[in-house]
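*Asks:* Sequences listed follow chains A, B and C, in order. Quick note on numbering: the first sequence equals residues 1 to 138 in our numbering. Quick note on numbering: the second sequence equals residues 1001 to 1138 in our numbering. Quick note on numbering: the third sequence equals residues 2001 to 2138 in our numbering.
Mixed in with the good hints there might be a few duds.
[Said to hold, decoys possible] Straight-line C-alpha distance at most 30 Å; calculated BS3-like pairs for lysine-lysine:
(1) Lys-2035/C x Lys-1035/B
(2) Lys-2109/C x Lys-1002/B
(3) Lys-1128/B x Lys-35/A
(4) Lys-2002/C x Lys-31/A
(5) Lys-1013/B x Lys-1129/B
(6) Lys-2030/C x Lys-2128/C
(7) Lys-2/A x Lys-30/A
(8) Lys-2129/C x Lys-2002/C
(9) Lys-30/A x Lys-2109/C
(10) Lys-2035/C x Lys-2002/C
(11) Lys-31/A x Lys-109/A
(12) Lys-2079/C x Lys-1065/B
(13) Lys-2030/C x Lys-1109/B
(14) Lys-30/A x Lys-2035/C
(15) Lys-2002/C x Lys-2030/C
(16) Lys-65/A x Lys-13/A
(17) Lys-1013/B x Lys-2079/C
(18) Lys-2031/C x Lys-2013/C
(19) Lys-2014/C x Lys-1065/B
(20) Lys-2035/C x Lys-129/A
(21) Lys-2109/C x Lys-2129/C
(22) Lys-1109/B x Lys-1035/B
Hints are computed from structural coordinates only; laboratory data are not their basis. Quick caveat, the model's predicted, so the values are computed rather than measured.
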Amino acid sequence: MKSFTEHLWMETKKRIEFVNITRQVQEIVKKSGVKEGLVLVNAMHITASVYINDAESGLIEDIQKLLERLVPNHDHPYKHNLTGEDNAYAHLRRMLIGRDVVVAITDGKLDFGPWEAIYYAEFDGQRKKRVLVKVIGE
Amino acid sequence: MKSFTEHLWMETKKRIEFVNITRQVQEIVKKSGVKEGLVLVNAMHITASVYINDAESGLIEDIQKLLERLVPNHDHPYKHNLTGEDNAYAHLRRMLIGRDVVVAITDGKLDFGPWEAIYYAEFDGQRKKRVLVKVIGE
Amino acid sequence: MKSFTEHLWMETKKRIEFVNITRQVQEIVKKSGVKEGLVLVNAMHITASVYINDAESGLIEDIQKLLERLVPNHDHPYKHNLTGEDNAYAHLRRMLIGRDVVVAITDGKLDFGPWEAIYYAEFDGQRKKRVLVKVIGE
Chain A
1 MKSFTEHLWM ETKKRIEFVN ITRQVQEIVK KSGVKEGLVL VNAMHITASV YINDAESGLI
61 EDIQKLLERL VPNHDHPYKH NLTGEDNAYA HLRRMLIGRD VVVAITDGKL DFGPWEAIYY
121 AEFDGQRKKR VLVKVIGE
Chain B
1001 MKSFTEHLWM ETKKRIEFVN ITRQVQEIVK KSGVKEGLVL VNAMHITASV YINDAESGLI
1061 EDIQKLLERL VPNHDHPYKH NLTGEDNAYA HLRRMLIGRD VVVAITDGKL DFGPWEAIYY
1121 AEFDGQRKKR VLVKVIGE
Chain C
2001 MKSFTEHLWM ETKKRIEFVN ITRQVQEIVK KSGVKEGLVL VNAMHITASV YINDAESGLI
2061 EDIQKLLERL VPNHDHPYKH NLTGEDNAYA HLRRMLIGRD VVVAITDGKL DFGPWEAIYY
2121 AEFDGQRKKR VLVKVIGE
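Isolated chain A (complex conformation):
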């Protein structure tokens, strides 16, 4: 069994920003030399998510609006913010969208459907954060 680990550094310009990282993950899979296996992609910070969906700007706005509606930020009395933080909303949105995706590798490539794209969803950015990419297989 082979394994291969790489971290992607993310630093978004906006506090909330979604970044397509599909190509970077594909390159790491290629570099790993794994032909058959799995790749785990996860946010290492707890105010960000990794998810798979469409690379379409309208949908990205829809996801952000849905999260604003379900988990409002401003003027909401979250307990976590009593610690001096102001990012309770970011922790909570990450709870709904999830932390990680696991993708199959077949013939050395991401075994993807026609429109699947891997996104890093930053909910509290403008600082350096990491995404872990771990490949295992043969």
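On the provided structure of chain A, position chains B and C as indicated by the hints.
*Replies:* Same frame as chain A, but now just chains B and C:
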């Protein structure tokens, strides 16, 4: 390390329909010959989910109603639908329910609790779509 | 390839209670002897979740309140409860928070960011339930 890949073709009669695929995944695990490992099961299309919960028809209705309440479809001005699509709600519901599950294989079987069942949740069906089942282990 | 399986028994005092299981998972990874690989941690019962977020009591309250708001329990006419159960809300909350996490193992340790902690989220406790920890790698 062994690996084994199979795709399940799904074509639901209704636009929104949940299908129990536990038996099919079990058969693929058996066919793979893997005794100890992991199986990844994921929707390859971005308007469908795979999840694990109870095989109980009332609960399935409850899940569908919860999603209608949190992510309404009709008369909701989603940006994604300005592209000519009408399935923004389906992309968004899949964001909440998730894309994939990873299940342990122990002694050649799905290492399941008493009521766990694997479901394919179709949010925009009536056409052919695929589920990926990837087994790795020994 | 090595594999190692262990089940954690959970029995919460309150019906809804979140338990930090990070140390227990770390010990299982150590015991497994796996240096490079993946560990799957999942609730084996369908009214509980496993998630990764901050070990901060205010945030835990915020998560529980968010779930009460999105998926109310009392006086809500869920179909699943017509079977004689009273835990439809617990099944549904688990749908939003998710069933499993997959964590990378690097150099024999959980490859974690600074604040990641693994939690068992019980939505219908006060009885014995299990969490599965499956390690694979080398």
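*Asks:* Each of the hints needs a verdict: does it hold here or not?
*Replies:* Verification of the supplied hints:
no.	hint	in the structure
1	Lys-2035/C x Lys-1035/B	21 Å, holds
2	Lys-2109/C x Lys-1002/B	24 Å, holds
3	Lys-1128/B x Lys-35/A	27 Å, holds
4	Lys-2002/C x Lys-31/A	24 Å, holds
5	Lys-1013/B x Lys-1129/B	12 Å, holds
6	Lys-2030/C x Lys-2128/C	25 Å, holds
7	Lys-2/A x Lys-30/A	13 Å, holds
8	Lys-2129/C x Lys-2002/C	26 Å, holds
9	Lys-30/A x Lys-2109/C	25 Å, holds
10	Lys-2035/C x Lys-2002/C	10 Å, holds
11	Lys-31/A x Lys-109/A	11 Å, holds
12	Lys-2079/C x Lys-1065/B	10 Å, holds
13	Lys-2030/C x Lys-1109/B	25 Å, holds
14	Lys-30/A x Lys-2035/C	22 Å, holds
15	Lys-2002/C x Lys-2030/C	13 Å, holds
16	Lys-65/A x Lys-13/A	19 Å, holds
17	Lys-1013/B x Lys-2079/C	23 Å, holds
18	Lys-2031/C x Lys-2013/C	29 Å, holds
19	Lys-2014/C x Lys-1065/B	28 Å, holds
20	Lys-2035/C x Lys-129/A	25 Å, holds
21	Lys-2109/C x Lys-2129/C	26 Å, holds
22	Lys-1109/B x Lys-1035/B	7 Å, holds
This entry satisfies every hint, going by the numbered hints stated previously.
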